[in-house]
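Novice: Residue numbers (our numbering), protein chains in the order written: chain A, 1 to 444; chain B, 1001 to 1444.
Just so you know, the hints here were simulated from the structure itself, not pulled from any lab data. Don't be surprised by glycine CBs; every beta carbon is placed ideally from N, CA and C. Please note that the accuracy of each hint is not assured.
[Claimed, not checked] Computed list of lysine to any residue pairs in SDA-like fashion (alpha-carbon distance at most 25 Å, straight line):
1) A:406 - B:1140
2) A:371 - A:322
3) A:386 - B:1068
4) A:418 - A:21
[Claimed, not checked] If you want the ones that stay clear, here's a sample from chain A, every Cβ over 10 Å from chain B, calculated:
5) 4
6) 51
7) 278
8) 306
There are 2 protein chains.
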Amino acid sequence: MHKYRGQCRLVLKPASTDEVSRILRYCNDEMLAVVPQGGNTGLVGGSVPVFDEIVVNMSRMNKIHSFDDVGGCLVLDAGCILEVADQFVAERGYVFPLDLGAKGSCHVGGNVATNAGGLRFLRYGSLHGSVLGMEVVLPDGTVLDDMCTLRKNNTGYDLKQLFIGAEGTIGIITKLSVLCPQRSPAVNVAFLGLSSYQKAQQAFREAKAHLSEILSAFELMDAKSQQLVRAVRKEKHPLDDEHPFYCLIETSGSNGEHDYAKLEAFLESVMSNDVVSDGIVAQDASQIKSLWTWRESVPECIGHWGGVYKYDVSIPLSDMYTIVDDVKARLTEAGLLGETDEYPVLGAVGYGHMGDSNLHLNVAVRRYDKKVEQALEPFVYEWIEKRKGSISAEHGLGLAKKNFIKYSRNDTTVGLMKQIKHLYDPALGGGLPQNGIMNPYKYI
Amino acid sequence: MHKYRGQCRLVLKPASTDEVSRILRYCNDEMLAVVPQGGNTGLVGGSVPVFDEIVVNMSRMNKIHSFDDVGGCLVLDAGCILEVADQFVAERGYVFPLDLGAKGSCHVGGNVATNAGGLRFLRYGSLHGSVLGMEVVLPDGTVLDDMCTLRKNNTGYDLKQLFIGAEGTIGIITKLSVLCPQRSPAVNVAFLGLSSYQKAQQAFREAKAHLSEILSAFELMDAKSQQLVRAVRKEKHPLDDEHPFYCLIETSGSNGEHDYAKLEAFLESVMSNDVVSDGIVAQDASQIKSLWTWRESVPECIGHWGGVYKYDVSIPLSDMYTIVDDVKARLTEAGLLGETDEYPVLGAVGYGHMGDSNLHLNVAVRRYDKKVEQALEPFVYEWIEKRKGSISAEHGLGLAKKNFIKYSRNDTTVGLMKQIKHLYDPALGGGLPQNGIMNPYKYI
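Take these sequences, add in the hints, and give me the full structure.
Specialist: Structure, rendered in structure tokens:
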């Protein structure tokens, strides 16, 4: 994104938990700041050394230790690449419970540290549920070994949960055990056109009822997002006519015939009830891929004209798309949005993981303009605060959102978070050897 | 169980979060110990006032606040009864992601405080994944309001996770938001006989492959458990011949025909490969109930002859049943187990949630005898420690297991847990007003 430029004179690449522990103990004693770094694919600058922090890169800790092919528990180092882990379990009939665009380079340790969401979230849920065990090194070098490989263990506080989504601010994750579900051999994809956001919500409700246990993705795209993709890619859209909204629905199950029958019943229902205006079902793997392209290439195509202001937000479903209309109205009123080159803003676009109430609000611009930013912020954050949404659904806080947490968390909660940070990595030593060494200038 | 007798002169029944907050602030200032109490159905004495603690009973806080019937998020008070919550969402096509025997009286707040597992765990996973938001009052009266109703919110440490399974030792949960999955209209049950534990593992592996997304229970019962049930209930067993092991398999899905076809394909495969010796599929709802009886009445029937030593443990699947054989051998060698009345032990029985690696090891006795206890403990705990199992899979620590945590957690981990307890509810005031008031004498 050309948004962050790291500054760093020392990168350490430990090969063992003991080395990580010795590094942190030393840095803690010497008051040296540290940035844990996985695949360096985060979107909020969380793994960037801001001033002169020492990078602790985890890429050498990349062993897969064991896999229980009855229970599905995978034990692996934090530095394993997500795609490698997924391929390993795929050969054994399982699936890693997380999938995202950066899978070819992101590390599973980084995924857990940032509580990554991604494409399989609707089906396999949060990492808080699928991470069974963790080994993590605390800022003072203490190794917390909670490498449970069992689904149930009610013996005391579940400390590992604190490190899921802590973005490397209270420790470095070194090892994980992860519960992998059975892989689904059958995948189907449908692409629908709808006349309103209201209808998209109805379609989602119907999809849950008809597809229930096999529904693995429900994605939303608005008309503008598809216009922009078509303008860039110059390909024929899957649906002949234009529609105000589009949904991509994916099913994954153990029996292709059964799944197809369920999908057909769903489509019959939503077409005959006028919930959906038009629809198409992929006939083979290449068509599945091509339909996904119209969803997956949105973020890339949007940047084609100059730049993009990006917001990754959670909003209750009933209100979710309204933010796009409100942002459009605001930019139009301010004289910033228009068809011709004199307007900096080309369009405001909404798309994302509707099944998870997770919207990507993107404002496509012809050129960056301070006035646009001023029109958007804090407007967008205040809008979300009013609806009790989240200003960062899955990307985290990092450097980018550190100053905006108050829009999603009240003062008491932020105070209690700072207490946790202080517990593990105190900023005010007062005779103690720790000095806030872990991933400083970020998060809270 | 006639195991605990509470002592208490004061029961408080707050009707609002504010009242809970004022109670705790007062008790904290006055150094008065407090026991939070939900439905009082726990199995380890966690909700019992040990000496003279003040009971804070949550039964008056029992409102259901809202339900989002598109997203499936239920917002409710901690004192709601589990069955009431489940019925509420059932009428709307959803299911509460937790089910257990005590559902008619247990509170959802208590379920979350004890991280209850239960019958839907295999399908819907841990409460760490399905609890979306929480309001909890800390020992000093501070209200932590993290009532998120969205699936994704990556803005800071996920503090609520600490209170899931904390057994009321660092706060009282007052409100929850819970993600409810789509309810499955179709349920099927099969009951299988198998010649060895090895075969039961194979059957589980095959069930996961064939039934995948619709598998909702995989329960194991050994021969002795079924003999004891038959001896008490004097009914015909579902299978004609006796088998060393039995499995009960349940599927839940959105389409009964599809599910039945999958179950048939699974049965054909395991019968033709000699994985399963005999099997039966329930033909209607009453037969489903009757098959479940042979699993669900085990704990009750086992107590018929006098008493039971009960262990609720997690062990890696490959080794899970071995503990029953080893316990039997040890009791036999010690001259404690035999057919006739001179022996205190009637039998050692293994059954439980095989799909979750969760075994209930029960030792049925004709009379309680100190020698039996000495033969069992710490033998059982040491056995589990060697296999890196858990001494409490789903029941928690409470009063019963407080002294045994070291068999499942190392000293460093227990030390870090005590640090958390001290953070929220310090035992050594040193000028601070807090004095370890929350659910003392228990947990860690």
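Novice: Determine for every hint whether it applies to the structure shown.
Specialist: Hint-by-hint comparison with the structure:
Distance hint between residue 406 of chain A and residue 1140 of chain B is fulfilled; the C-alpha atoms sit about 23 Å from each other, no more than 25 Å. Of the supplied pair hints, the one linking residue 371 of chain A and residue 322 of chain A holds, its CA atoms being roughly 22 Å apart against a limit of 25 Å. For the given pair, residue 386 of chain A sits about 18 Å from residue 1068 of chain B by alpha-carbon distance, which is consistent with the 25 Å threshold. At roughly 23 Å between alpha-carbon atoms, residue 418 of chain A and residue 21 of chain A fall within 25 Å of each other, so this suggested pair holds.
A cut-off of 10 Å between C-beta atoms confirms that residue 4 of chain A is not in contact with chain B; the least separation is 18 Å. Every C-beta of chain B lies more than 10 Å from that of residue 51 of chain A, the closest at about 23 Å, which supports listing it as non-interface. No beta-carbon of chain B comes within 10 Å of the beta-carbon of residue 278 of chain A; the shortest separation is about 22 Å. For residue 306 of chain A, the condition that its CB be more than 10 Å from all CB atoms of chain B holds, with the nearest at approximately 28 Å.
Hint violations for this structure: none, all hints satisfied.
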